[in-house]
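Engineer: Below are the chains, spelled out letter by letter.
2 protein chains.
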Amino acid sequence: MDKKKVLVIGGGFGGVYAAKTLERQGRDKVEVELVNANNYFVFQPLLPEVAAATIHSSDAVVPLRQLLRRLQVRQAAVRGIDFEMKTVIVVQGSRLTPIELKYDELVIALGTSVDLKRFPGLREHALTMKNLADAHRLRNHVIGCLETADVTTEPDVKQQLLTFVVVGAGFSGVETVAEVRELLHHALKYYLNIRPDEVRVYLIEYADRILPTFPADLAEYATRRLRINGIQVVTGVGTKSATGTSVELNNGTVIPTSTIVATIGNGPHALVDALDLDLHWGRIKTDRFMRVPRHDGVWALGDAALIPLVEQPAEDPSHYAPQTAQFAVREGRQLAQNILAKIEKTELKPFAYTSKGSLASLGMSKAVAEVYGVKLSGTLAWLLWRGFYLQFFPGFAGKLRVLVNWLLNVVTPPNIVQVQATSPATRYIHYRKGDKVLEPGMVIDGLYTVIKGSLRLTIDNPETGEHFEKLFGQGDHFGDRVLPKSVLCTGLVVALEDTTVLWISQREFTRFVRAYPFLENYFKESSGAGARAQYSRP
Amino acid sequence: MDKKKVLVIGGGFGGVYAAKTLERQGRDKVEVELVNANNYFVFQPLLPEVAAATIHSSDAVVPLRQLLRRLQVRQAAVRGIDFEMKTVIVVQGSRLTPIELKYDELVIALGTSVDLKRFPGLREHALTMKNLADAHRLRNHVIGCLETADVTTEPDVKQQLLTFVVVGAGFSGVETVAEVRELLHHALKYYLNIRPDEVRVYLIEYADRILPTFPADLAEYATRRLRINGIQVVTGVGTKSATGTSVELNNGTVIPTSTIVATIGNGPHALVDALDLDLHWGRIKTDRFMRVPRHDGVWALGDAALIPLVEQPAEDPSHYAPQTAQFAVREGRQLAQNILAKIEKTELKPFAYTSKGSLASLGMSKAVAEVYGVKLSGTLAWLLWRGFYLQFFPGFAGKLRVLVNWLLNVVTPPNIVQVQATSPATRYIHYRKGDKVLEPGMVIDGLYTVIKGSLRLTIDNPETGEHFEKLFGQGDHFGDRVLPKSVLCTGLVVALEDTTVLWISQREFTRFVRAYPFLENYFKESSGAGARAQYSRP
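Chains as they are written, first to last, in this note's numbering: chain C, 1 to 538; chain W, 1 to 538.
Wrong hints could be hidden among the right ones.
Same chains, same label: a pair holds when it works inside one copy or across any pair of copies.
[Claimed, not checked] With a straight-line Cα cutoff of 27 Å, these simulated DSSO-like cross-link-like pairs (lysine-lysine) come out:
#1 K285 to K117
#2 K452 to K524
#3 K4 to K189
#4 K130 to K240
#5 K5 to K158
#6 K29 to K189
#7 K356 to K29
#8 K349 to K240
#9 K240 to K29
#10 K86 to K29
#11 K102 to K524
#12 K29 to K3
#13 K345 to K285
#14 K470 to K117
#15 K158 to K102
#16 K130 to K433
#17 K5 to K189
#18 K436 to K117
Treat the hints as calculated values from the structure; they're not laboratory data.
Using the sequences plus the hints, can you model the full thing?
Structural biologist: In structure tokens form, the structure reads like this:
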């Protein structure tokens with residue numbers, strides 16, 4: 001019998017456990033290949049500890065090739081699926097030639113993505129906590145805030161830098177805020193000019209309580225514990241909008257902050273969204289065997305899939321498998337067995353599993369847990385948390401590395417190394433009415449173009465008493481005259497309404513204009529030129 | 001007595017040891033502040049091991065605040081120095097307002113930068129090994145090459161991906177090539193489709209031998225050892241130019257490769273170059289006390305400085321302190337004592353030091369060493385190398401972390417996690433005559449603009465026999481029509497001569513064009529439009 005080709009796209013819990021089970025139980029029947037954008041599996045539960053610098057970034061993940069030694073792992077970006085031709089189209093590394101991969105059975109395990117478009121400014125300014133890069137970025141961002149706060153001479157800037165806001169109080173939000181608080185606690189003693197009482201940490205939740213999947217009394221314990229650790233837990237309040245310097249809640253409160261972490265807003269993976277698939281709540285509808293209707297040989301599982309747990313599911317989330325690692329692992333195993341059953345023409349089994357419980361770390365060696373109906377909280381729950389995840393972490397080498405990180409963390413000072421990110425080339429910036437875009441004495445670091453809204457420039461010359469004003473509307477720009485050399489701003493630029501600006505870095509704009517000399521003339525002659533006065537050196 | 005303000009700019013060996021000594025020996029006389037672009041000190045000798053994934057990135061560095069607990073550390077970029085006003089101008093974090101820092105004594109310890117402009121294409125395409133980000137980037141690049149080589153179906157692409165070239169065989173070049181070779185050795189067993197004999201590693205050196213500062217017999221041993229490990233050591237040949245797919249030597253050899261590491265081309269730090277300072281060989285001339293002439297209260301040391309070791313130095317490098325960590329540490333201590341002597345109005349001492357020897361790791365548990373005139377090679381030298389650097393690594397916590405990395409490395413598989421870099425928004429690409437820019441079937445991923453040279457597009461329709469040709473000269477562009485949606489190329493684009501192209505990513509170009517609608521018309525109507533035919537879907 002020819003081996004069937006099984007293609008698994010996505011290397012999270014669901015994809016990895018499906019591939020592993022197929023390889024173990026069906027080696028003589030199937031040839032398995034796993035395609036993933038990264039060459040590693042992310043152990044999601046440890047991401048908050050990566051953000052807190054407790055664990056090295058690369059120790060919270062496992063190379064897929066080491067996890068799945070006997071099957072083909074392909075690091076590639078999936079660009080499309082042709083269900084008719086049973087083909088997946090991928091692009092590999094920096095190669096620009098797309099490759100077609102044939103399959104007999106296809107497992108879609110692509111997870112979800114973050115969708116923040118309902119909240120103005122959040123997409124532009126919030127950090128997320130989905131993957132390894134996010135966790136690493138959050139750590140570096142927090143340390144960067146401390147670095148600047150330690151040396152700034154502007155009190156309002158210092159307050160803004162020392163305020164940290166986490167939006168959403170599910171697992172991810174609670175563990176993230178707890179771990180960030182712990183990082184701050186350990187790091188502060190190295191920042192001579194920051195007093196502990198200058199630091200503010202917020203957890204903002206739209207629902208009336210945190211940790212919705214936990215029993216109410218454990219959630220209450222968790223809330224108390226977070227508050228003891230100095231976290232301001234705000235429930236029953238939604239997030240309205242964000243800028244680079246503040247977040248606005250829907251009760252009107254504006255919190256000045258340089259750090260907004262959004263753990264809300266799940267949306268479908270871009271590819272899943274683009275394909276001819278039936279989605280509900282942004283997830284791929286499957287039958288109870290995890291087969292995707294209408295497409296032969298296509299299966300889905302994990303966070304990307306909506307798998308019914310009952311025969312006649314209603315419009316009720318509890319009728320479907322929840323999006324947790326615990327379920328994804330079981331789905332993976334069952335799905336693999338169903339593929340083998342299909343090939344062997346035996347009976348497929350519907351997916352069925354009951355949660356064994358859940359655990360949430362609260363930082364500072366405390367946690368809450370509910371396991372087999374038994375509720376635990378405090379240090380004992382925290383030890384259970386660590387023990388459980390250590391045992392759950394795949395592979396001996398990985399377990400050892402995590403353990404060593406935890407032990408080293410006890411005897412060595414916190415890792416406050418800030419790896420600076422390469423600054424972006426272009427970005428959209430959201431301003432609220434009244435926000436300052438540029439102040440006198442600031443370095444003008446790029447080209448600012450108004451995409452939506454309006455800005456006003458005012459220049460006051462204290463010596464002559466002269467006053468100059470100019471409005472910038474949609475399509476207007478400023479900052480071009482400073483290029484390629486950076487110059488200090490002499491005027492004040494303020495947003496007159498909610499405004500979005502496209503910022504292009506000095507370096508990229510200069511390269512572009514040099515390649516197209518006619519642009520130089522355009523930027524000299526058009527609207528921006530009127531504001532030239534502002535760029536004279538002080 | 002008022003304390004004098006000493007400002008140290010630069011946190012390498014020289015700056016850190018100067019600051020540490022000042023703080024220890026002159027706490028009652030001086031107030032010390034150290035300014036550095038990063039918040040950590042880089043232990044340069046371990047960077048090749050970071051590239052080899054033997055050591056975690058953040059374990060080869062030490063946070064400056066933990067190294068210098070009692071003095072002010074400021075993470076900031078130095079933008080200028082006003083020697084008249086005794087002021088240093090810095091920009092902190094993402095704050096755009098420059099800050100002025102006053103000093104009584106200023107220590108310039110900014111090191112050097114890489115200058116590759118003498119080699120066409122090398123600046124655009126070579127990786128460097130100067131700082132932590134470089135080492136981390138090299139590791140990820142090498143692993144990325146293995147990932148793509150494992151799954152590509154194009155034999156010439158595979159060969160190019162599996163060829164690794166290090167240019168320059170000083171310390172850094174030799175240790176880097178050795179460590180990269182070792183990483184490949186350990187990693188290969190996880191790549192099922194790569195045979196060890198498909199991997200090629202080159203070390204290219206312009207001089208007639210490697211390791212110029214070592215005795216000839218040790219250099220010969222090192223050459224033999226590198227060759228045993230499978231490295232092709234090529235001496236007496238310079239590097240002429242590079243592209244994204246090859247490097248050309250000045251004997252005419254062209255080596256197809258995706259990985260060129262340049263450890264050559266030292267130049268002055270950009271700020272040092274821009275200031276009113278007397279430079280020689282790109283270094284700041286000082287007197288024997290490390291004072292900078294013409295500027296009161298200004299000192300320089302480390303790689304940035306040219307410190308005479310004799311009273312009447314000639315045009316001979318050996319009359320000046322060499323650019324090594326060993327010297328920088330001693331310079332730092334002596335400079336600190338000279339500053340204190342100046343304040344106390346006692347006698348300054350000229351810098352004098354004789355090298356105690358040197359060590360170079362050759363990978364695979366071998367090294368060469370010359371210590372107090374005694375020559376060593378092999379495993380014993382390697383143990384000495386590790387022992388010496390472990391003892392030299394500053395701080396107990398740091399030593400412990402390095403040691404744990406080395407031990408873990410013995411018992412756990414190699415860390416082949418590839419952290420993908422955010423792709424650049426714009427980049428210059430260098431092509432040699434005849435190089436293919438795009439081939440039929442490739443994804444067109446951005447806007448290509450010819451900056452220098454020329455390209456030819458040919459489209460052949462095998463069905464109709466039609467043939468289409470178009471030339472692109474300076475200022476011409478293609479790729480605009482595919483935006484914002486990516487489309488496959490149907491033609492072949494080839495460089496007609498040595499050509500430089502500015503590539504702008506699809507995402508950034510789309511953002512720019514959306515902000516300026518007139519650009520959309522320009523790109524529709526101008527030269528690029530003629531090539532429209534190529535972008536029809538196959």
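Engineer: With reference to the structure, classify each hint as holding or not holding.
Structural biologist: We went through each hint and held it up to the structure:
Proximity of K285 and K117 under a CA criterion of 27 Å is satisfied intra-copy only: 24 Å inside one chain copy versus 57 Å between copies. Taking the shortest alpha-carbon separations for K452 and K524, both the intra-copy value of 22 Å and the inter-copy value of 25 Å come in at or below 27 Å. Proximity of K4 and K189 under a CA criterion of 27 Å is satisfied inter-copy only: 26 Å between copies versus 59 Å inside one chain copy. Within a single copy, K130 and K240 get their C-alpha atoms as close as 21 Å, which meets the 27 Å cut-off; across copies the closest is 44 Å, which misses it.
Taking the shortest alpha-carbon separations for K5 and K158, only the inter-copy value of 24 Å comes in at or below 27 Å, while the best intra-copy value is 58 Å. Proximity of K29 to K189 under the C-alpha cut-off of 27 Å is restricted to the inter-copy arrangement: shortest distance 25 Å between copies versus 59 Å within a copy. Taking the shortest alpha-carbon separations for K356 and K29, neither the intra-copy value of 33 Å nor the inter-copy value of 65 Å comes in at or below 27 Å. Taking the shortest Cα distances, K349 and K240 never come within 27 Å of each other, neither inside one copy (45 Å) nor across copies (65 Å).
In this assembly of identical chains, K240 and K29 lie within 27 Å of each other by CA distance neither inside one copy nor across copies; the values are 53 Å within and 54 Å between. Within a single copy, K86 and K29 get their C-alpha atoms as close as 19 Å, which meets the 27 Å cut-off; across copies the closest is 77 Å, which misses it. For a Cα distance limit of 27 Å, the shortest separation of K102 from K524 qualifies neither inside one copy, at 54 Å, nor across copies, at 38 Å. In the homo-oligomer, the alpha carbons of K29 and K3 lie at most 27 Å apart inside one protomer (5 Å), although the nearest pairing across protomers, at 80 Å, exceeds that limit.
Taking CA atoms no more than 27 Å apart as the test, K345 paired with K285 passes inside one copy only; the shortest distance there is 24 Å, against 83 Å between copies. Neither within a single protomer nor between protomers do K470 and K117 lie at most 27 Å apart by alpha-carbon distance, with minima of 31 Å and 43 Å respectively. Taking the closest pair of Cα atoms, K158 and K102 come within 27 Å of each other only across two copies (22 Å); inside a single copy the shortest separation is 56 Å, beyond that limit. In this assembly of identical chains, the alpha carbons of K130 and K433 never lie at most 27 Å apart, being 31 Å within a copy and 44 Å across copies at closest.
In the homo-oligomer, the alpha carbons of K5 and K189 lie at most 27 Å apart only across protomers (24 Å), although the nearest pairing inside one protomer, at 57 Å, exceeds that limit. With identical chains, the CA atoms of K436 and K117 are at most 27 Å apart within one copy only, with a shortest distance of 24 Å there and 41 Å across copies.
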